[in-house]
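The primary structure of each chain is shown beneath.
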Amino acid sequence: MYYRIYVLLLFFTAFFFSACKRNFQYSVLEVRPLDREINQKSIAEINQLSPKDTFSFLIMSDSQVAYKPLESFVRHVNKTYAKDSVAFILHAGDFTDYGANFEYNLYYELTEKLNFPVVGCIGNHDMLGNGQEIYRKFFGPENFTFTYGANRFILFNNNGREVGFNGTLPDLSWLNTEILNAREDNLFFISHVPPMSDDFDPALRDDFVDLLAANKSTRLSIHGHTHSFEYGEFFNDGVPYLVVPTLLKKEYVKVTVFGNEILVQQKYF
Amino acid sequence: MRCFAILILISLHLNVLANEPDSTQRIIDRLLPNNVVLQFAGNIGMFSTGVRYVTPNKHWKGGIMYGFVPARYADDPIHSLTLKGQYSGFHREYGADTKVEWLNVGIWYNSSFGSKYFKKLPGYYDSGYYYFTTALNVGLTLGSELKYKKWGIYYELGTTDKRTINYIKSAKAITWHEMWNIGLGVVYHLK
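Residue numbers (the working numbering), protein chains in the order written: chain A, 1 to 269; chain B, 1 to 191.
Hint data in this document are derived by calculation from the structure and do not stem from the laboratory.
Don't take every hint at face value.
Calculated lysine-lysine pairs in the DSSO-like style (CA-CA distance at most 27 Å, straight line) [to be verified]:
(1) A:K68 with A:K267
(2) A:K137 with B:K119
(3) A:K113 with B:K172
(4) B:K172 with A:K267
(5) A:K79 with B:K172
(6) B:K169 with A:K267
(7) B:K169 with A:K249
(8) A:K216 with A:K113
(9) A:K137 with B:K116
(10) A:K250 with B:K116
(11) A:K216 with A:K79
(12) A:K254 with A:K41
The following block holds chain B by itself, in its conformation from the complex (with noise of 0.2 Å):
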């Protein structure tokens, strides 16, 4: 919710500095988010979808999701929020249509619901009984993005916090690319 709110006092605040005073149709515009988005995997949800906000320079990008995994990869249907931020470099234009952006290094914060996880340790634990929660997850992708016409498709290798601190405590039993897993996404750009 509160991460709703930043979105839109961004958006709000880049109103007030186009300082455009008869145009509705331009506040809508800024309001709208840049690209309307759908991902395969990628430890955010068996699908995934959302919208983006990209920088005028194009180089951020932010991003909110839902995810969802259905009851036969979970005991109950997992449902979860993401938001995404990522920095885009490497941009590449291949003829009047075409555009590649090799680089897109993202961070993404995933938020599970339902009782069965914790984001606070419930009271029955003592503090620090768990060093972790269960419904909160913190990602970190790699990818590139490809954008034809008003369209676009990207993939992402992708760790999360907990992957990653068990690659650290046995590096030498689990392999680098254990670590590791892809998503996939189609990217609509609605400007």
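Isolated chain A, as found in the complex (with noise of 0.2 Å):
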């Protein structure tokens, strides 16, 4: 009699237990990330290669609820660009919609599958419930940079807003301290809101344009956050912001480096 129960539950439990990618979910709110400092990896990634005057890199942004776009993307990227053709992709950030580690890790598996090495920074999004300690884990640092050639590239968290605009994002003095130890011909800033948007602190919008706009080796300050494209000098002085679109209308931005010069280009997929 109860050996047929057994049986039944047995069934039960193997259907079940493969039924289910990740089986057990302890919280939304839960810090399990997949995989560790995947900025740092890919920066290691990215020094093994031998750098060149003339280089490109791809940028994406607000992939968060795109996942279809984001396996096209990957597809497309993969399809389209040698691997000499392309140095590294960016992120602008928001990875997540929820800053949830179940989204983190579907972006995971997603990007896994690029050929290019891949360093995003922190977007609002992905600072929402634990997410910003999850960043911290699954990424790295929020504000960190690597070079490629005589090229650097500063990364960092700029969502002020989240903090409800206390003053410490993006965190200027670090800033600061990292132009000025700068020895790169080119340097390229990302980060999440562009300082045109009413989500940039606005106590520290004229600083943060003046601090770049002071640096005479500052090539491109690149975003994402309002989903759509823009690309002009917003402040008139003769530094170039970019708005990366949001990944979700098939949109991602290739730059090509060319010594000191930039070109800008709009791509589709």
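Since each chain comes alone in its own frame, lean on the hints to assemble the complex.
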């Protein structure tokens, strides 16, 4: 009599354990990343490359709910670009919608298949719930830099509204130190919120813009957040600002660097 | 808190219906929950524990659970309260002591405590800046429960509102089984 129940239970257990991809979830707010320090791992890969004076990199942004486009993007990039035609890929933030661990994991699993190293900065959505802690574990520090030949890439958290515009994001003293220490010919800044946006800390906006404009090596400030392509010298100070559209629109941006010159191209897939 | 009050009111109401003037014992019996439950995983804590009330016809269950995720799997430990309601069907008895409820369909409402999570958008956002809250989650469960004498075990497949919305927005990239995960529980029947 009982063995029938046991057999049935066993069958159901086997069925359900195989039916779920990740069987046990403790909370939507849990912090259980699938990997650690993926930005730093990508940077280690970038450091293995032999840098060229003329090179390209791609930028995607706001992939949050765009899992299908992200999947297509990965396929498109792997098919379109030969290994030496693109150095790396940048992500301008908002990997997730809820800052939830399961979303970070989905992003990770989809982009793992990319043939190029990916480095990304934190977006405002990525800070929700325990998102900021997940980012720190999964991606690494929020403010960091890496170099490629004569180019320095400076990535940082500037989601000021998430901390109630308390004057800490972006961390201007950190940024100032990084700029002062940089010996490279070209500086690229990557942060999620464009300073033109209402979500940029209004008390820090002028100082931030001035800081970038004061350095002759500043080539480009790269952002996401507003979901639409923008490119121009919005503060009339010689510094070009680029806003990368959301991946949901099946768009990304390609930047080519020729010595001290840059070419920004809007791309579709 | 409100939910506690509702549970107590329902219990009291049942007592009034019972209309037994003498028996304090019976009132206590009525107020006493039917089950004590301990659950592993299932989106409401790494471990959650609580009490469960069952209607006399055994088809409806309501419970309240406290859930905990240790710091190892969170930033700071997550503490939360969950209200759970279930419909239970396809009951079969196998011998005198063994009973299986083949179908338990449930809905839960979970609230996590802590200043990092919000139930209402903080003032520094414009209204509607985020369409969801981080502290509140709603979930659906589907499972079965086995009872042997005073003890029971159950499993439930569960998903949450946020997972479902993500799935709907990206059904082609997120697989169906990505949405679901498992909760396992032990039950002690007090009555």
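Status of the hints after comparison with the structure:
1. A:K68 with A:K267: holds, 17 Å
2. A:K137 with B:K119: holds, 25 Å
3. A:K113 with B:K172: Distance ~17 Å between K113 of chain A and K172 of chain B Cα, so the pair holds.
4. B:K172 with A:K267: Roughly 23 Å separates the two Cα atoms, so the pair holds.
5. A:K79 with B:K172: holds, 21 Å
6. B:K169 with A:K267: holds, 24 Å
7. B:K169 with A:K249: Cα-Cα ~14 Å, so holds.
8. A:K216 with A:K113: violated, 37 Å
9. A:K137 with B:K116: holds, 17 Å
10. A:K250 with B:K116: Outside the cut-off at roughly 33 Å; violated.
11. A:K216 with A:K79: Distance of about 37 Å is beyond 27 Å: violated.
12. A:K254 with A:K41: Status holds; Cα separation ~22 Å.
Checked against the numbered hints above, the structure violates hints 8, 10 and 11; every other hint is satisfied.
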